[in-house]
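> Got chain A sorted already, so can you dock chains B, C and D with the ligands onto it with the hints?
If you want the building blocks of each chain, they are given just below.
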Amino acid sequence: MTLEGLLPELAVIRKDFPILERTLAGGVPLIYLDSANTSQKPQVVIDTMVDHLEHHNANIARAMHQLGAESTEAFEAARDKVAAFIGAPERDEVIFTKNASEALNLVANTLVWPGERQVGPGDEIVITEMEHHSNIVPWQLLTQRTGATLRWFGLTDDGRLDLSTIDELITERTKVVSLTWVSNMLGTINPIAEITRKAHAVGAIVVVDASQAAPQLPIDLSAMPVEERPDLLAFTGHKVVGPTGIGVLWGSRAVLDALPPFLGGGEMIETVRMEGSTYAGIPHKFEAGTPPIVEAIGLGAAVDYLAHIGLDAIHAHEKAITGYALEGLRSVKGLTVLGPLDAAARGGAISFELDGVHPHDIAQVLDSRGIAVRAGHHCAKPAHARFGVQSSTRMSSYLYTEPREIDALVEALEYTRSYFKLDRA
Amino acid sequence: MTLEGLLPELAVIRKDFPILERTLAGGVPLIYLDSANTSQKPQVVIDTMVDHLEHHNANIARAMHQLGAESTEAFEAARDKVAAFIGAPERDEVIFTKNASEALNLVANTLVWPGERQVGPGDEIVITEMEHHSNIVPWQLLTQRTGATLRWFGLTDDGRLDLSTIDELITERTKVVSLTWVSNMLGTINPIAEITRKAHAVGAIVVVDASQAAPQLPIDLSAMPVEERPDLLAFTGHKVVGPTGIGVLWGSRAVLDALPPFLGGGEMIETVRMEGSTYAGIPHKFEAGTPPIVEAIGLGAAVDYLAHIGLDAIHAHEKAITGYALEGLRSVKGLTVLGPLDAAARGGAISFELDGVHPHDIAQVLDSRGIAVRAGHHCAKPAHARFGVQSSTRMSSYLYTEPREIDALVEALEYTRSYFKLDRA
Amino acid sequence: MTAQDLDALYQEIILDHYKKPHGKGLREHAGHTAEVHHVNPTCGDEVTLRVHVSDGVVEDVSYDALGCSISQASASVLYDLVVGKSVDEAMAIHQAFLTLMQGKGTVEPDEDVLEDGIAFAGVAKFPARVKCALLSWMAWKDATAQVVAGDGDN
Amino acid sequence: MTAQDLDALYQEIILDHYKKPHGKGLREHAGHTAEVHHVNPTCGDEVTLRVHVSDGVVEDVSYDALGCSISQASASVLYDLVVGKSVDEAMAIHQAFLTLMQGKGTVEPDEDVLEDGIAFAGVAKFPARVKCALLSWMAWKDATAQVVAGDGDN
Ligand SMILES: Cc1ncc(COP(=O)(O)O)c(C=O)c1O
Ligand SMILES: Cc1ncc(COP(=O)(O)O)c(C=O)c1O
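Residue numbers (the UniProt record's numbering), protein chains in the order written: chain A, 1 to 425; chain B, 1 to 425; chain C, 1 to 154; chain D, 1 to 154.
Only chain A is shown next, with the shape it has when bound in the complex:
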């Protein structure tokens, strides 16, 4: 079957991902619909890492020998690739962390300490009810520790941000607005530009969690008008076909320079004396210790791979698959999708409920047919609470997903209904 917008070379792309050849217990082939959780890795990412480990491995920056120079060059080239991937105004504004969670904590953690941007009692931090726990807990810790107040954008019934309260939420007291670009549970794409403009008008900084956006939306920070450009943006390597152990924090030089150091140690210093130390400039200031070298290099290969296919094409593919999936899911009796129903206005993660079957049980039946989905709260408990559900089942596609996999999902959901004898109850 062909669908408008699908990647033309889909069969070729699938060949790039060795795991897609896997068969599971009972000889069932794998149907991987859990890419919002973590994406699969193309051969080129794996090979790049292997080549590094087998031929160029050395510590970076500090090593003067040839392996050290090769390793440093590969690591810094990865920074250039990531900078290009998000259109960063400056390559030194790209900081490597271990995942998106660390990137978000880096920001929340350093805002506690003396500096231009220090947060204190009376200040307000605004987040949203659809955030991933990694963009909630750091701010809860920050506000508990500083006496600042945490405020929340609510959600509309169809899973969008409720912007009707924006003027009460974003005020002169607001120091930081932190929100996700694309929801990992509801799929919602948030109006980052509008909110950033509003936050900047009151002098607040904006942190964008791009963990779900980076895999599927073209991002070009340089092309954004400054008023609408977030000050900080985080994403995670393993969701953009890169390895685990690597994440990215991009920040404008002005804001990063104004933050005090996060972790202290090797590589982040200018000089260390017993009486006190001074720190290196960005990006090194925030990269204490031996960084995830081979992981950064793998991430460089990953974003190159995505860029080669083209983020516009990937986005179109996601939209096509998501639209097809929404349609298919609608045909299943008793199934309710949480979040926007318009494929054009959302990302590729679709969470749903099926009357009478708990998400774990759905996932288990699906798994017996080789279909991998996620069941649970997807690290978004407040969003689940908002919709009065304790957990949900989530399917999430990516550039390697085929329509026939969606067909298999829909069929397996029908099977689940019959397995649990829902029509007899």
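FYI, nobody ran anything at the bench for these hints, they're computed from the structure.
Don't be surprised by glycine CBs; every beta carbon is placed ideally from N, CA and C.
Errors might be hidden in some of the hints.
To be verified - Quick partial rundown of chain C residues pointing at chain A, CB under 8 Å, derived from the structure:
no., residue
1, T2
2, A3
3, L9
4, I13
5, D16
6, C43
7, S69
As the list claims (entries may be wrong) - Derived pair list, reagent style DSS-like, types lysine-lysine, alpha-carbon separation capped at 25 Å:
no., chain 1, residue 1, chain 2, residue 2
8, D, K19, B, K333
9, A, K81, D, K131
10, A, K285, D, K20
11, B, K421, D, K104
12, B, K81, C, K104
13, C, K20, A, K333
14, B, K333, D, K20
Same frame as chain A, but now just chains B, C and D with the ligands:
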């Protein structure tokens, strides 16, 4: 040539490390003497990572499907392997971080916040003048931020801890003693048991930086008498033939339970509500976000590899090579070794000065002959300052180092002397 | 898992308990009771469980649980197995259930002790689901320990 | 690097400047001066450098430097090249040296402008050493900018 104590299967072991086949510019074979900076990786570590990425990749804990179960099992098995490697009393006391630096910062960072162990004005933290920057800067940040005082063990002229001041340093005011087990610059092996006993007697906790110890000394925490067992111990994956992007913090359950959370986010929570969150037990409490999954799995393979060869055998090998190297270096005119001269009492990192040539220039000449050493301050500026030097050259061996590589180093140092015409000056 | 594994997991007995759980709901009691709230952090399953003990006998176990079929059914089976037993007997049953669940599918359950609980033998093969089956049992143990220690209301 | 590269890096001129650096030492001056301290964080090389400008002319550059042959020689060459020149001329020379060093070995140096500085062409091929060569030049630019902006002592 054979030397007492060398690993019997040295030639076979070398074959396990693909990079050792590398030739450099001009066809010169690689002589890698920079293992204290980062170690090379055996094929089994690389293959384990590739197998995971190609066949089992999935996010852990949260994923209920077969790939998720395989990935979780492999990740948690890696924790068991690491626990066994250091003889941890409990496997849940092993926390995965991104490197040793993060592990040390985790401790220094959480001691700032309310909890049984909170540090405040008047409290004292004791470290030593031979620490790596990663075990200095976190404590400088902690003391600056809490009003506590940082105190230092000095060094003797032959590069050992000056224990004569121990009674003035470790007192009722001491809350934490943090020190390296083996110095990455001087090679010194510190009397951890003695210092821990002393610190415990005054109720202080002891943090041991085992970044250089873990690669070469057998560690068995369970076998240590409790009074002499450190409370926390950190090391880094890339120095124990594992990948970058992974480090370990071991801590006794009692101390880890008493520390507040470090980074907030997915996986470290029990429940998240808008009004506040509660946290999971160890180890998850300290593992926010998607952990370095494939890196932990690679580290598991790495410590298994080392354990298979045997840490006693590796330690004996290191001693033999270090003794041989100390002897060879002594033959070079104008060369001074910094640190203890007795191979039995030190680790395998040997830093030295060569009269009349700057360390960079030495490293450069060595590099033209394929010999990789480190030149600089080795992230130990206070220790360099203590010995009145700004930088030094460091050779460091590991389980794959052969005596002929030491011969090549000595010969290249002679060549360096002639290249810079030292005898004519 | 295969389709066969699936059937081993979802035994009829489990599905029956799931559809018609025994003892569900929170009940008030005079005397020694303790209430606990346990959560499975990974999936969000929750249980609030109250234990009422009198003269060393488990008089009632009442609970409010949100979760999958396995976790619901296991609370129901727990209720059947421990109510009316002495605390010691009940703890022994708890131990038998724990042993079964942690046995990775290798432990042969004793029907005399575990009754409907033997249906959970299939669950033991799925590490991800063992936590579901144990949620209410762990909560029960915790609450009972509190009553016995006198921490509960009395 | 090969033995040939090594010779390209350590040209005689560089080694001569290293052994007998020109203008080394910190000197006191009345009038417009500024002092800066720069460090190469990776290797620890350090320079304290003082610039004395009068009537738009670089009257003196005095320095105290700890570092390798490349960094020492480049401070010496810097001294030769900029002292006595107008600030504008000196800045142009600085720019030419910078271009050479950042050219990865592809830039052909102009001997009329850079004099002994052309010996650093070989260094440009070694990224790890470019920083050494630039340390004092960056310090000089920083200090000179401060004097010109009037931030220095006067
Ligand atoms: C003694 C010591 N401590 C800490 C570290 C820091 O390790 P990492 O850079 O992997 O965090 C190192 C190595 O660089 C070390 O040698
Ligand atoms: C929206 C969002 N934010 C943050 C994260 C955290 O990413 P990581 O677990 O890699 O830190 C995730 C993924 O789990 C996510 O989907």
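> For a quick check of understanding: which of the numbered hints are violated here, in increasing order?
4, 5, 10, 11
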